[in-house]
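2 protein chains.
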Amino acid sequence: MNTLYEVRKLSSKNIVSPKGFAAAGMHCGIKHKKKDLALLVSEVPASVAGVFTTNAIQAAPLKVTKEVVYRTGKMQALIVNSGNANACTGKQGIADAYEMQSLAALKLGIDPSLIGVASTGVIGEMMKMEPIRAGVGKLELGKTLEHGIDFAQAILTTDTVMKNTTYSTLIDGKEVVISGSAKGSGMIEPNMATMLGFITTDANIESEVLQAALSEITDLTFNAITVDGDTSTNDTVIVMANGLAENETLTPEHPDWHNFYSTLQVVAEDLAKAIARDGEGATKLIEVEVVGAFSDEEGRKIAKTVVGSPLVKTAVFGNDANWGRIIAAVGYSGASVDPEKITIKIGNALMVENGEPVPFSEEELIKILKANEVKISVSLGLGEGQGLAWGCDLTYDYVQINASYRS
Amino acid sequence: MNTLYEVRKLSSKNIVSPKGFAAAGMHCGIKHKKKDLALLVSEVPASVAGVFTTNAIQAAPLKVTKEVVYRTGKMQALIVNSGNANACTGKQGIADAYEMQSLAALKLGIDPSLIGVASTGVIGEMMKMEPIRAGVGKLELGKTLEHGIDFAQAILTTDTVMKNTTYSTLIDGKEVVISGSAKGSGMIEPNMATMLGFITTDANIESEVLQAALSEITDLTFNAITVDGDTSTNDTVIVMANGLAENETLTPEHPDWHNFYSTLQVVAEDLAKAIARDGEGATKLIEVEVVGAFSDEEGRKIAKTVVGSPLVKTAVFGNDANWGRIIAAVGYSGASVDPEKITIKIGNALMVENGEPVPFSEEELIKILKANEVKISVSLGLGEGQGLAWGCDLTYDYVQINASYRS
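Chains as they are written, first to last, in numbering that gives the first Met the number 0: chain A, 0 to 406; chain B, 0 to 406.
Simulated from the structure, these hints should not be mistaken for lab results. Do not rely on the hints blindly, as some may be mistaken.
If you anchor each label on the Cβ, the simulated ranges turn out as follows [claimed, not checked]:
{"id": "1", "chain 1": "A", "residue 1": "Asn371", "chain 2": "B", "residue 2": "Gly28", "range": "36 to 42 Å"}
{"id": "2", "chain 1": "A", "residue 1": "Glu372", "chain 2": "B", "residue 2": "His257", "range": "20 to 26 Å"}
{"id": "3", "chain 1": "B", "residue 1": "Lys65", "chain 2": "A", "residue 2": "Gly333", "range": "42 to 48 Å"}
{"id": "4", "chain 1": "A", "residue 1": "Lys137", "chain 2": "B", "residue 2": "Lys366", "range": "38 to 44 Å"}
{"id": "5", "chain 1": "A", "residue 1": "Glu42", "chain 2": "B", "residue 2": "Gly380", "range": "47 to 53 Å"}
{"id": "6", "chain 1": "A", "residue 1": "Ala94", "chain 2": "B", "residue 2": "His257", "range": "50 to 56 Å"}
{"id": "7", "chain 1": "B", "residue 1": "Glu362", "chain 2": "A", "residue 2": "Lys33", "range": "24 to 30 Å"}
{"id": "8", "chain 1": "A", "residue 1": "Lys369", "chain 2": "B", "residue 2": "Gly333", "range": "33 to 39 Å"}
{"id": "9", "chain 1": "A", "residue 1": "Gly380", "chain 2": "B", "residue 2": "Ile93", "range": "40 to 46 Å"}
{"id": "10", "chain 1": "B", "residue 1": "Glu363", "chain 2": "A", "residue 2": "Gly333", "range": "39 to 45 Å"}
{"id": "11", "chain 1": "A", "residue 1": "Ile93", "chain 2": "B", "residue 2": "Gly380", "range": "18 to 24 Å"}
{"id": "12", "chain 1": "A", "residue 1": "Gly141", "chain 2": "B", "residue 2": "Gly333", "range": "51 to 57 Å"}
{"id": "13", "chain 1": "A", "residue 1": "Glu339", "chain 2": "B", "residue 2": "Thr248", "range": "51 to 57 Å"}
{"id": "14", "chain 1": "A", "residue 1": "Thr250", "chain 2": "B", "residue 2": "Pro358", "range": "32 to 38 Å"}
Ideal placement from N, C-alpha and C gives every residue a C-beta, glycine not left out.
Let the sequences and hints guide you as you build the complete structure.
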């Protein structure tokens, strides 16, 4: 069954591109001007999988959406607002999230138990429900690229760009499309920080199998990014699989399982990297690759610690090849290390070999650091464990954005 | 034995004020202009206690100083340089640290095994030993306030102010003085980040007892501050107690033990708060007090997580009463919380009561947030656990300082 066709990136496609999905996005009035209300609908109920923030304080919409994901395993629509996170809003917040679910149900003629809710924005302010009530009636669902773009725009907060990605693969000789839209740029840290990710596919798959795949893939992608180490109250990733591609039901035993899994993984990785690259105030994507760790878990821990270090992030912003901060972060990661076996590269330039500094050309390093993607490689020489993590530099603009977010 | 005199703050005193200590500080040429070499000496070998960074990558001088602290329990002198951390400098770095120890021994006519070494500054650059060799000969030890100030200045890096504090207490009716000098403003995180703290006292106490007291107190003070979450390779706190106050040997059974312990704690707390207040680029000290936690350990964990959140830090910088970020940090701290029992105050203003937002006056909050000390109180309603932590706001200047540190 293996063909050369495995995973193909599709340009000019988005979240409405898998069969049977429609979307809408508009400005309803939660924000001053920008789009702030979005809707995503499948023609038929879809198998659903979800991962949610590990923060002990969870926003009201998560309660509603978790019920949908965990109780029935089916979702047919998602209503999303930006501008207000509906978090720490007490009992009224829960009521407001259920009302959003009902408003979408009424508009679509779908049972509320099939409708998820997601919110992102300021924490601790009561939802303005009036604009949402009025807005839901005016949302115009459609299947064109523009409708997908409206959706992708309406879920943004401090993001500077939309985050869309679409791939296709073959399963049973049939084309299956997987597409995702995400938002997130501050309060990003593994374990799902203020990050929303919505993935649609026309693959035919049961929700339990989809959930297992999503959970594994989330650890390697969405949980491998960090902007500021703050874990949000609202993070949610949802995958809806409506089965309209009509492939044989996917399980890990299916001969094309690998095609499906790899495609879902690359969609998640694209979205995760897009979020890291668009970190609040960021000018660069930083990728940290760790090899030779004691285990994959420790490899990922080191990669995350390095990419999350404010001192590494500011050094990258300042084009400063300060590898001392990199090795210091490796040291405080909590993972097993042998200082005399650590080798560090920035781009292709060797900085430290087996714990000893290596002379390097400042000019070459400045060139490497001025690129819009900076790769840091760390080799531990201890075992076979590997890890990858993504983040961004820490800049004046991060401070500016976050010193005045509520105002 | 309890008298009204317990702990008295002494102004215009410093690290040379306890009996029998002398100090020196000068510019030797590691830095361009500022003082960068310091020496601290006791007339007689002192009982010594030390706490050191938990980073797996430890700078060369720590190896040397740990030998002194752990092998003999006695220290008579400390040589310190700033401008270069002598960290990640391989075998040559170790040799350089031992040479610094020998240079001081030769100058003072003291056995090298009684001499500690500490360094702070850039990681990963080889020490310039020439200026140190030349400088040690020129250091002029003395017991005046100026000599103490020279010492306190020569240990600084990006610090904007010296950090000195001195207290006295009565033990066996005799005055015992405890004084400390510290440096540190970036890479500060519990478990001893690039932070040096040197405490002198004329108390008579054995090193084991002193070590136990210092370790406990460090958890409540130096390990309760955070600037950026980066743990350094060089952190060191040393207490030298030379016994010249001639009190009966102190143990926890001594009737005046509490006087000694409280005085040592307040010295450590003063230095820790001074470091937090002088965090790189900081404009404000932030204090977070947690009560009602499940345990003291969890109380401290929550306090540290809140004060370390980049989003809380930027909000405080921007005078933004964004308590949502505070409660989100409480939620991701990993400690037990019941969202419906959380109460949060900024200054004296109630923001959240039992998980429900409380209306507040923006004007009053701006006034509270514009002060140079901002206190955040979190009540969990779960148990008797408490915690205190200190940090600072995150500002444009933090980014500027750290984007260009090496240059």
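Status of each hint after checking the structure:
1. The beta-carbon spacing between A:Asn371 and B:Gly28, approximately 39 Å, falls within the hinted interval of 36 to 42 Å.
2. Between A:Glu372 and B:His257 the C-beta distance comes to about 58 Å, which lies outside the given range of 20 to 26 Å.
3. Taken as a hint, the range 42 to 48 Å is violated for the pair B:Lys65 and A:Gly333, whose Cβ atoms sit roughly 21 Å apart.
4. The hinted window of 38 to 44 Å between A:Lys137 and B:Lys366 holds, with their beta carbons roughly 42 Å apart.
5. The hinted range of 47 to 53 Å is satisfied by A:Glu42 and B:Gly380, whose Cβ atoms lie roughly 48 Å apart.
6. The given range of 50 to 56 Å is respected by A:Ala94 and B:His257, whose C-beta atoms sit roughly 54 Å from each other.
7. The supplied range of 24 to 30 Å is met by B:Glu362 and A:Lys33, whose beta-carbon atoms lie about 28 Å from each other.
8. The supplied range of 33 to 39 Å is met by A:Lys369 and B:Gly333, whose beta-carbon atoms lie about 38 Å from each other.
9. The supplied range of 40 to 46 Å is broken by A:Gly380 and B:Ile93, whose beta-carbon atoms lie about 20 Å from each other.
10. A beta carbon spacing of about 42 Å between B:Glu363 and A:Gly333 agrees with the range 39 to 45 Å that was offered as a hint.
11. Take A:Ile93 and B:Gly380: their Cβ atoms lie about 20 Å apart, and the range 18 to 24 Å holds.
12. In this structure the supplied range 51 to 57 Å is violated for A:Gly141 paired with B:Gly333, their Cβ-Cβ distance being about 44 Å.
13. For A:Glu339 and B:Thr248, the Cβ-Cβ distance of about 42 Å falls outside the hinted range of 51 to 57 Å, so the restraint is violated.
14. Taking the beta carbon of each, A:Thr250 and B:Pro358 are about 53 Å apart, not inside 32 to 38 Å as hinted.
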